[in-house]
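Construct the complete structure from the given sequences, taking the supplied hints into account.
There are 2 protein chains.
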Amino acid sequence: MGILRLAIAQINPVVGDLEGNVELIRDLIDKVEHCDLAVFGEMSLTGYPLEDLLLKPGFIADNKNALNDLASMSGNCALVIGFADSDEENVYNSIAICHKGKIVGSYRKQNLPNVEVFDEVRNFSPGSDSLNLFSIGGVTIGFVICHDLWVPNGPVKTLVDGGAQLIVATNGSPFHRGKQQEREILVNEISQENNVPVAYVNLVGGQDELVFDGGSFITDSAGEVILRSPRFHESVLVADLSVEKNITTENYLPVIEVSSRRDHEGIIETSIAPTLDTFEELYLALMTATRDYVLKSGFQQVCLGLSGGIDSALVAAIASDSLGPNNVTAVMMPSRYSSIHSLTDAEQLIKNLGIASVNFSIKDIHSIFLEQWALNLNEEILGVADENLQSRIRGVLLMAFANANNWLVLTTGNKSEAAVGYSTLYGDTAGAYAVIKDVYKTGVYDLARWRNESAGHEIIPNSIIEKPPSAELRPDQRDDQSLPPYEILDPLLKSYIEGDRTRAELVEDGFDAKIVDEVVQMVDTSEYKRRQNPPGVRVTRKGFGRDRRLPLVNRYKG
Amino acid sequence: MGILRLAIAQINPVVGDLEGNVELIRDLIDKVEHCDLAVFGEMSLTGYPLEDLLLKPGFIADNKNALNDLASMSGNCALVIGFADSDEENVYNSIAICHKGKIVGSYRKQNLPNVEVFDEVRNFSPGSDSLNLFSIGGVTIGFVICHDLWVPNGPVKTLVDGGAQLIVATNGSPFHRGKQQEREILVNEISQENNVPVAYVNLVGGQDELVFDGGSFITDSAGEVILRSPRFHESVLVADLSVEKNITTENYLPVIEVSSRRDHEGIIETSIAPTLDTFEELYLALMTATRDYVLKSGFQQVCLGLSGGIDSALVAAIASDSLGPNNVTAVMMPSRYSSIHSLTDAEQLIKNLGIASVNFSIKDIHSIFLEQWALNLNEEILGVADENLQSRIRGVLLMAFANANNWLVLTTGNKSEAAVGYSTLYGDTAGAYAVIKDVYKTGVYDLARWRNESAGHEIIPNSIIEKPPSAELRPDQRDDQSLPPYEILDPLLKSYIEGDRTRAELVEDGFDAKIVDEVVQMVDTSEYKRRQNPPGVRVTRKGFGRDRRLPLVNRYKG
Chain A
32 MGILRLAIAQ
42 INPVVGDLEG
52 NVELIRDLID
62 KVEHCDLAVF
72 GEMSLTGYPL
82 EDLLLKPGFI
92 ADNKNALNDL
102 ASMSGNCALV
112 IGFADSDEEN
122 VYNSIAICHK
132 GKIVGSYRKQ
142 NLPNVEVFDE
152 VRNFSPGSDS
162 LNLFSIGGVT
172 IGFVICHDLW
182 VPNGPVKTLV
192 DGGAQLIVAT
202 NGSPFHRGKQ
212 QEREILVNEI
222 SQENNVPVAY
232 VNLVGGQDEL
242 VFDGGSFITD
252 SAGEVILRSP
262 RFHESVLVAD
272 LSVEKNITTE
282 NYLPVIEVSS
292 RRDHEGIIET
302 SIAPTLDTFE
312 ELYLALMTAT
322 RDYVLKSGFQ
332 QVCLGLSGGI
342 DSALVAAIAS
352 DSLGPNNVTA
362 VMMPSRYSSI
372 HSLTDAEQLI
382 KNLGIASVNF
392 SIKDIHSIFL
402 EQWALNLNEE
412 ILGVADENLQ
422 SRIRGVLLMA
432 FANANNWLVL
442 TTGNKSEAAV
452 GYSTLYGDTA
462 GAYAVIKDVY
472 KTGVYDLARW
482 RNESAGHEII
492 PNSIIEKPPS
502 AELRPDQRDD
512 QSLPPYEILD
522 PLLKSYIEGD
532 RTRAELVEDG
542 FDAKIVDEVV
552 QMVDTSEYKR
562 RQNPPGVRVT
572 RKGFGRDRRL
582 PLVNRYKG
Chain B
32 MGILRLAIAQ
42 INPVVGDLEG
52 NVELIRDLID
62 KVEHCDLAVF
72 GEMSLTGYPL
82 EDLLLKPGFI
92 ADNKNALNDL
102 ASMSGNCALV
112 IGFADSDEEN
122 VYNSIAICHK
132 GKIVGSYRKQ
142 NLPNVEVFDE
152 VRNFSPGSDS
162 LNLFSIGGVT
172 IGFVICHDLW
182 VPNGPVKTLV
192 DGGAQLIVAT
202 NGSPFHRGKQ
212 QEREILVNEI
222 SQENNVPVAY
232 VNLVGGQDEL
242 VFDGGSFITD
252 SAGEVILRSP
262 RFHESVLVAD
272 LSVEKNITTE
282 NYLPVIEVSS
292 RRDHEGIIET
302 SIAPTLDTFE
312 ELYLALMTAT
322 RDYVLKSGFQ
332 QVCLGLSGGI
342 DSALVAAIAS
352 DSLGPNNVTA
362 VMMPSRYSSI
372 HSLTDAEQLI
382 KNLGIASVNF
392 SIKDIHSIFL
402 EQWALNLNEE
412 ILGVADENLQ
422 SRIRGVLLMA
432 FANANNWLVL
442 TTGNKSEAAV
452 GYSTLYGDTA
462 GAYAVIKDVY
472 KTGVYDLARW
482 RNESAGHEII
492 PNSIIEKPPS
502 AELRPDQRDD
512 QSLPPYEILD
522 PLLKSYIEGD
532 RTRAELVEDG
542 FDAKIVDEVV
552 QMVDTSEYKR
562 RQNPPGVRVT
572 RKGFGRDRRL
582 PLVNRYKG
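Taken in sequence, the protein lines are chains A and B.
Heads up: take any position in the first sequence, counting from 1, add 31, and you land on my numbering.
Heads up: take any position in the second sequence, counting from 1, add 31, and you land on my numbering.
For the record, the hints were derived by calculation from the structure and aren't laboratory data.
One or more of the hints may lead you astray.
[As the list claims (entries may be wrong)] Ranges between beta-carbon positions, derived for each pair:
# : chain 1 : residue 1 : chain 2 : residue 2 : range
1 : A       : Asn121    : B       : Glu213    : 17 to 25 Å
2 : B       : Arg292    : A       : Asp540    : 39 to 47 Å
3 : A       : Asp511    : B       : Asn96     : 53 to 61 Å
[To be verified] Derived coverage of chain A by chain B (criterion: at least 3 residues anywhere in the stretch with Cβ under 8 Å from a Cβ of chain B; other residues may be distant):
# : region
4 : 46-57
5 : 456-469
Each residue gets a CB set at the ideal place from its N, CA and C atoms; glycine is no exception.
Okay, structure coming up:
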């Protein structure tokens, strides 16, 4: 019985930062030297996804030079590193196997996702080389990359039939709610069907709208999870895998000999990180994405407009939890229509979180806009124009705070608002990162309650959670004057947006026809706003970023 | 010798407007009834590109119903209509051949572009049916769709070898500068190589960031253009094609008999629209895209901030030329730093164009922001924060004008500014459509001069063209204090953006190393601004829309 000492290196690279990522990987080489094999995630050398950086021949050359540098540092432990390979005509999503100073082999991803947020057919060509196996530590291993696992007739069966005793999959698999369970179900089936253990290695950390949640794992040949890395944290876990399987096959694939069996001292106990409950994983996803967007962009501090409502309260909590309360400034900007409870609620939250705050009334600025308008045009600004005006004055002030202090502005709009356009472009949507743009309003309440429960005491004041939501841009305004109740709106939005249902189908599904008509029209006619909204983390199967590409001019009314 | 009477129906459909597009095509059926064949462009029934509308099964069903409606109206003239075909699993970019009330055949595009602005692999599956020919008016015809022409080993050769006497290509080919010439060179080669006439039918009109420029044409079997539709205008042109070729082949493809030879009265003289010079075609592209974005979005009127500088002057001229002077309001918003000549230049332009105008000084509003800031924070707003503040006050006012009057705001930034981030997010970038976002600053001057020359008198005052460019956000500001001269900057930007050159390669190309470093850094660090910029027409090979998808968090310094 052989023992393969396998390190699962779940790292958080930065897109385009070849030097930094080389350093990140290099620093782990010593730590894994006692192992036979250390596996890093998809495109671990370059960060992922690179998008059109891959169209730059100079970048491809630089990434290959960086890989050579890393390979030259490799020792007894074989390293599996994701990079962009190329030949004269094409670029490939690839891994290199590095050992004792050399690149000893590679694999090019054969199945390229070009759905949802992925554009891999745009940026890569599919690998079409005949398959190889690698003998590492005396175990015969087949490598695949991410989407290769998810398609029917992927390369796994060929690799196993060809003699693979272990499948190693490197992944850049972004989070959406429930994704970890989907991964483990898939890999469980693959292990069982092929009677083979699988090591699934993911990236971790935020990249623009995506957050990689880690949760790398190993299944045994019965599909049982025998190791799981923590979610949302970098980690290097080691497993001693006993690979007993006897192979008899007529379809042997060529095997590249990398390293022979080593004797390892003792047996390393593998650890299995616990699964997370649905709100905890969502909250961690929002925290991780926000933190990484801010820090990877070279900023330390953020500000946000704190209205006293639930959305900005939740965003303030996430910002404080992810960046530290010292790095967050809440800006209160009451107008003539702001209620007293909004200010007291906001102040209580600021106290609970321990974040900095500024109180900057917009009353006088708002007044002079109205006066000047009347003076120049002999008419009043009324209705939506006046509501938008107040929101935009706040946007201008927040951006002035950001400019003056080198802060990033976090925006606080939720997915329900973004969907129906219940927002002011350049007003409340103005900022660098939209923390909860993919969380429906009902989910915002869930997360606020969860945050308080997990703390064991009130962080977000209950009065914020309990009061009826209002934009407070005119006297006695309430959301339910413009929108259906969120308990009705949110499931309808989910069906329309994530389910791609038409108007007629939604009515068939049991939604009220009048509400369907109103909501579908609101969603369709606010595409132009979403196109100019800031990026924010995707946590569902279909966010409003690269996931949902609709024309602006679009007269389809279905 | 047979005569095929062929109508080239160059139409301007609206994306998603199945009802409207059916009407548009139906209205032409009578007019082409004397012809044997009328060809409409790619996806002519649905508009193009549909993007993720194609992910909605209900939309596919509706589009097939609309096609059946149209087919039932077809008579003696066979109609070729672009639509989205589907089977149980896949959606195809297709054409249907309709004749005497029925769909008599179809073709599914085999080669799907997934580069530049195109995501066809995301939204379609490639056709893989075996090829057919169609006998229409006694002539054997092979059909292809757009990208099928541009790939090596496309279906044309198989069709011709199989007996096609005429190739008909339906296209949704968007404009970039010089594109018509590229098309005609390509089709000339195809005709010559295959000794076959080719009818190339394009769409016309604006759709979001794309503008289809028409310019449909027919080549004879020697590759000579014998018909050309006008650029940027809808038109139905008819040609009597004499197809003499005798076919001898061993690879006959199956032929679907549609209609036999008809006797036509007289011979119709075909017309050949003239080619356009480079500035005229660019100006028409900007006009067409702007007009269609505004009108297809359901608006009539626009406003824009008119500073007295060259960019807003050109945009005002384009808006006035495309929408009519009565539909354009120029808003002058001088600040404490605006020069007198800016106001007088702007007023002269307004007079020359005959557009409406408002003069709304931002001095008092600017002052109260500064006062309130000092009052609340005991500090001054200085430097870039103050410059941005002025620009954002203007953005707020323009949006208030738009909200109060149901106007769209046109923005006036050029490609050089967008590239280096010489703009204020939510300030001068605030608006619905960015008319010259893909025109470099040097091109803005070229177009302004061209507009005056083509009018034969001064439309855009020469003083605007001749003065040094300035943002006028601080005393004595000039662009060249922050940026290299545009004559140096623009070619560098073009190499970096459209040429995908790295820093090192640009220096090798002969650009000054210090300037390269500065400019590349400015371009890279302003990606976040571009992500929130409004859409605007693409007129180069690589615009800042769906053409160039770069990560926001991106530390590559090459």
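- Would you list, in rising numerical order, the hints stated earlier that this structure does not obey? 2 and 3
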